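These protein sequence lines are chains P and A, in that order.
This note's numbering numbers the first residue of the first sequence as 489 and each following residue consecutively.
This note's numbering numbers the first residue of the second sequence as 39 and each following residue consecutively.
Check each hint, because a few of them may be wrong.
[What the hints assert, rightly or not] Taking lysine-lysine and the BS3-like style, the derived pairs with C-alpha atoms no more than 30 Å apart in a straight line are:
hint, chain 1, residue 1, chain 2, residue 2
1, P, LYS686, A, LYS85
2, P, LYS714, P, LYS686
3, P, LYS708, A, LYS132
4, A, LYS132, P, LYS747
5, P, LYS689, A, LYS452
6, P, LYS705, A, LYS114
Quick caveat, the hints were computed from the structure, so don't treat them as lab data.
Note that this is a predicted model, so its numbers are computed, not measured.
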Amino acid sequence: MAISASIIIFILVSIASFNFYVDPLCYFHCNEIKINRQTVNLYYEMGQRILAHSDAKIVVLGSSRGQSVPPKWIEKVSGLKTLNLSMGGVELWTKIAFLKLSQEKTKIKKVIWLADYFEIINEIADTKIKSTPALRAYLPSEYAATNLITKLPELIDHNTLEASFYLLGHPQNDKFDEGSGSQINYEKCQEATYQGEKTIKELRQDMGIIYESYTQKVLKPLQSEKEWNVFENQMKILSDQAVDVSIVITPYHPLFIQKLQAQFPEIYERHQKWINRITSLNLPHIKALNYFGGLQGDDGSPAYWNDGVHFTCKSAIQMLKPLL
Amino acid sequence: MLFSTYVFIFGFLPITLLGFYLIPMKRVQLGFLFVCSTVFYSYWSFKYVFCLLFTVLIDFFIARAIFNSPRQKNRKILLATSICANLFLLGFFKYYDLFSETINSIANEVGHSNNLLPIFHFVLPIGISFYTFQSMSYVIDVYRRHSTAHADLLSFAAYVTLFPHQISGPLVRHNNIIPQLKNDKTYSFHVENFWKGFCFFVFGLSKKILIADLLAAAVAPLVTNMSLISNLEAWLAILGYSMQLYFDFSGYSDMAVGLGFMLNIQFPQNFNSPYKSRSITEFWQRWHISLSSWLRDYLYISLGGNRSNGLKTYRNLLLTMVIGGLWHGANWTFAIWGLFHGLLLSIERFFSDAKNKTRPRGISHWILTFFLVNLGWIFFRAPQFSTALIWLRKIFFVTPQVSLDLASISLRHKDRFFFALALSLILALFAKNTWQIQFRSNKIFAVSTGILFSICLLYLGQESPFLYYQF
């Protein structure tokens, strides 16, 4: 028993010490955003990106569903430097944190807010942002509170270990692109012959998986009145600051929506109520665009969709054209 | 609280073990164990702990009343009360929605547009299928005079709620556990038991984290997209699921047994290399042994067992297996799975009765048994009957096109899936099971176990519930 216990302690302490020293996720040694800090923490990187592009005038805030929005296309059409701060799983408070950081470091004129139903539920799944000290200042105190005990599992997690090795082997440069979607060839997206990145079979398979995940987990919880008030309040602040905000209610795939309406009518109804609340926001500088009923010309093909909820760049451009 | 989480391994378990062994008085130790087990349950849901305590109280007092009652009529009434109370609790939370959905579906078929019965989408109290059966078995044994009402309330409460087996078994018997809880030796630390328990726990954790979860990541999307996957992928899905289920559940059982040993309590073996079976009868002597023996002793025998003429025996067998199938979940696919096994058991029984002796079974029997068990898992896993039918068509290549591509398994999971599948098949079909391993106290074994445990701890970050939690 003693030998086993010694081995376990030795291995865990070694790994924890190594991970603490490298700190690939910036949980322990980063109290502020610094451009030259090496990290694989995508939230911290987003902060670095904001610092690196202090001349940005437009920010796009969204979840993974916003990652197909090409910021370079928005820049070309509007003439204004654009950052796409969309990230997978991002909810209300993360968007607000990025927004606050952007307003602190740049002179934002316009915000494109890609609204997600799940951003108004009463849970923060974004544990990484809560654990990132440099971004905690932009979260409400009750969400930002963490202590060593909650961070300890990260020190012995295999993902952190892999991240540490990765970081040591791949030093990152301090050049930051304009965020999600920067690598998208937006001209190709706009071609009539654009067919998307997936085959029809792949699209159908991925639709099946995401439908299961969304209906059983992501869309199941009820929205929170408290979080709605936070959202509404944030819109009022932006309105008072004369920042133009376009709240875009993005669609789901036509077959996804059809199935949702038939099999989960209560979830569909909740979406409708939420959309009504957004479109009823009557604030100066705040505009809502509702595409939940579908996009014109959307044939449900891989040209428009990557799966049941993630649209392609072609759809993104079509949605955002009227705004710019 | 899952066994495979940091909060359990570094929080709950050390506190419970330290408290248990440091408290000097036996009754207080037992009380502490009961409190810890209740806290363990409450971690999932505080309000449903009252269902658990209700079961404990009602069955304890009914068993005592049965034992003290001389009149057979009163004894029967009390037994019926216990069974009705337990089955009502189980039936209400677990089967009401299945029942109402079925009635509403039939009503819709005959022209009713509205639902006849409301559907409530109850949250199933965790472990209810296990603790109601465990508690009932005590009452039934007292009624049958197979046991006295030997438990005091604290021992009985501790037996039913004991945290290692509380959520997903093994289904332990009172005459196995309560004497151990009354034995003074249970309350002193024994390093050999602790070491054995630790080894069981580590092996169980490895099965879950390093094999079952790797398989699950690839199998789940294959089942979700059953209509789109290839025939080869359908085969991989069923093999993957067979191994996932075995390593997940036997892993959990090993961990439960290990925790029991750490408390000087021996739980029964629940899995004995079931995929090495050479007949379905043998399979049920090796798979989820605690459940199959419970069903045999309290359902099959109560129905008459094999005491009456041939047809009734087969009826009893079929009924027992169908009910056993439904015990696993509120879905008709589980009933079909149970019926499938019931039919196979009946066929085997018929032929063994006819021949009047059993012949040694060879490799062909092993392959056939493994194949049939895998076929059964299709109904066990498929969320709907239609998915099961598609799956079967693909397995038997009765599809418009036969495809052998592997495009549906994501690249991210492919290598890990094949590695885990190969390893799991080798271990399940050829290697010793945990109960057959000699847990030596030498340095090499200690170092290996320590390294294995450390690797498991690195992978604990993603919470992944055990499959049998849903039952």
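Going through the hints against the structure:
| no. | hint | verdict |
| --- | --- | --- |
| 1 | LYS686/P <-> LYS85/A | violated (47 Å) |
| 2 | LYS714/P <-> LYS686/P | violated (39 Å) |
| 3 | LYS708/P <-> LYS132/A | holds (20 Å) |
| 4 | LYS132/A <-> LYS747/P | holds (26 Å) |
| 5 | LYS689/P <-> LYS452/A | holds (19 Å) |
| 6 | LYS705/P <-> LYS114/A | violated (46 Å) |
Comparing the model with each numbered hint stated earlier shows that hints 1, 2, 6 do not hold.
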